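> Residue strings, one per chain:
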Amino acid sequence: MSTVTVPSYRKRIGYQAGLLGGFTLIAAALLVIGDIATRDTIALREAEDLQASLSEVIPLALHDNDLLADPITLEGPDGAPLAIYRARRGTEITGLAFRVRGRGYAGPIDLLLGLDASGQILGTRVLSHSETPGLGDKMERSKSDWILVFEGLSLDHPPLERWAVRKDGGDFDQFTGATITPRAILSALREGLVFFAKHRDTLTASAVIQVEIPDAEVLEAAASEVSEVSESTESSAAR
Amino acid sequence: MNTSIDAPAPTAWGRIATDGIWNNNVVFAQSLALCPLLAVTGTATNGLGMGLASMAVMVASGLLISLLRGLITPEVRIPVFVLIIAVLVTLVDLGLNAWLHDLHKVLGLFIPLIVTNCAILGRAESFASRNRVMPAAFDGLMMGVGFTLVLVTLGAIREIIGSGTLFANAALLLGEGFAGLELTLIPEYRGFLLAVLPPGGFLALGFMLAAKRLIDRRLRAPRPATQPAVATG
Chain A
1 MSTVTVPSYR
11 KRIGYQAGLL
21 GGFTLIAAAL
31 LVIGDIATRD
41 TIALREAEDL
51 QASLSEVIPL
61 ALHDNDLLAD
71 PITLEGPDGA
81 PLAIYRARRG
91 TEITGLAFRV
101 RGRGYAGPID
111 LLLGLDASGQ
121 ILGTRVLSHS
131 ETPGLGDKME
141 RSKSDWILVF
151 EGLSLDHPPL
161 ERWAVRKDGG
171 DFDQFTGATI
181 TPRAILSALR
191 EGLVFFAKHR
201 DTLTASAVIQ
211 VEIPDAEVLE
221 AAASEVSEVS
231 ESTESSAAR
Chain B
1 MNTSIDAPAP
11 TAWGRIATDG
21 IWNNNVVFAQ
31 SLALCPLLAV
41 TGTATNGLGM
51 GLASMAVMVA
61 SGLLISLLRG
71 LITPEVRIPV
81 FVLIIAVLVT
91 LVDLGLNAWL
101 HDLHKVLGLF
111 IPLIVTNCAI
121 LGRAESFASR
131 NRVMPAAFDG
141 LMMGVGFTLV
151 LVTLGAIREI
161 IGSGTLFANA
171 ALLLGEGFAG
181 LELTLIPEYR
191 GFLLAVLPPG
201 GFLALGFMLA
211 AKRLIDRRLR
221 APRPATQPAV
231 ATG
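Chains A and B, in that order, give the protein sequences.
Under the UniProt record's numbering, the first sequence has 160 at position 160, and the numbering climbs by one with no breaks.
Under the UniProt record's numbering, the second sequence has 88 at position 88, and the numbering climbs by one with no breaks.
Treat each hint with caution, since some may be false.
[Stated by the list, open to error] Covered stretches of chain A, as calculated for chain B (at least 3 residues, CB under 8 angstroms):
1) 29–35
2) 186–200
[Stated by the list, open to error] Derived pair list, reagent style DSS-like, types lysine-lysine, alpha-carbon separation capped at 30 angstroms:
3) K143/A - K105/B
4) K143/A - K167/A
5) K138/A - K167/A
6) K198/A - K167/A
7) K138/A - K105/B
[To be verified] Pair ranges (Cβ atoms, derived):
8) D64/A - L67/B: 16 to 26 angstroms
9) S55/A - G175/B: 47 to 57 angstroms
10) G21/A - G175/B: 50 to 60 angstroms
11) A17/A - E176/B: 45 to 55 angstroms
The set of hints was computed from the structure by calculation and includes no laboratory data.
The structure displayed is predicted, hence computed values, not measured ones.
Here a beta-carbon is modelled for each residue, glycine too, at the ideal position from N, C-alpha and C.
The whole structure should be built from the sequences, with the hints applied where relevant.
See the structure below:
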């Protein structure tokens, strides 16, 4: 290619800086436009994803509410706020689901743990992980059935000390070539179950939101209950 | 490098194609893009996804940079190219996430890796910034095709040796119609982990590079032999 004679103004530092600045400005503007144009749709898609994962760990038959509608937030086992999605039939809590996290071989493993009101595992699914493909990824539902063994188990079934892989004297199979991954999942689930046991009363207390307008009598009773509760919390706070 | 590509004559189009796919292949000849190459080629399907995503970005960046080549001065060209490529990749990532969410779940892992693909910057620098728009876009396409072929081949080799399957999960990437592509070549295979891990990628790539050289030597060998024969006859 022959050398094109460049106009002299292009060699000035001002043109160079202006060019770079102009391109950066355009790039930033494009990114802002792109972000605004997609933000809501992406949030919607992510909510759909969460909904889909939730419906895998809490059977549809168990609830009649929208699981995503009113999550409560508690301080999770790791100290960070944890959103808990509650399944209700009428006002009775029939199940709940929340995220638990284990430390895997290559990074954190995030799981969604679904429990019924008595603390039995309804189901659990891996949301994200960075384990070795073909080796540590057998905990994915699409790759194997391993993750299903937890259904129906709870903190005392099997006993707490047997919530471990066989290598560590527990009840659960590790998969060939990978012990760290199942170990991480087991400790995450154990942590989740302990968390539930600790906060059981808060988590399974009947929902405050009532769909039908109750009778005056019930309302009065509820009001007196509430005042009692607030009194008791006040007194405990004073203590 | 005996002919120059000043005007897009028919031969030049053919040359762009053969350069992109074989002679000046991103991986084989330029040894670029090894980071995304080794990271994702555990399976042929992943290789295909990465290849297609990279190809789209290469075509778009070729187009844009060729369009803007009159404006950009040599002194600031590299930051401007990096900026353009990064914006393209980010917009593709956002758009896919919003409107083709299922595809994004499969490809999402690869899209940020495209930025690490220095082959895109390399083509912007050595081709798109010196050529007209159509040849630049075509060069991007052909470089992308060449890259995709290497990715799929390397992915297939590692997948067959490593887990005994071919195109596993292709239906997730391409749609249910391609479920027939998913093959289990070695039933009841215990797996050979090394092939799936990064060292296996380096090993397989080494063998592929050696094979490319061998083929090139075979192709080149007959030529000197025929010329003396013509001269004596």
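> Can you list which hints this structure breaks, lowest number first?
Hints 2, 8, 9, 10 not satisfied by this model.
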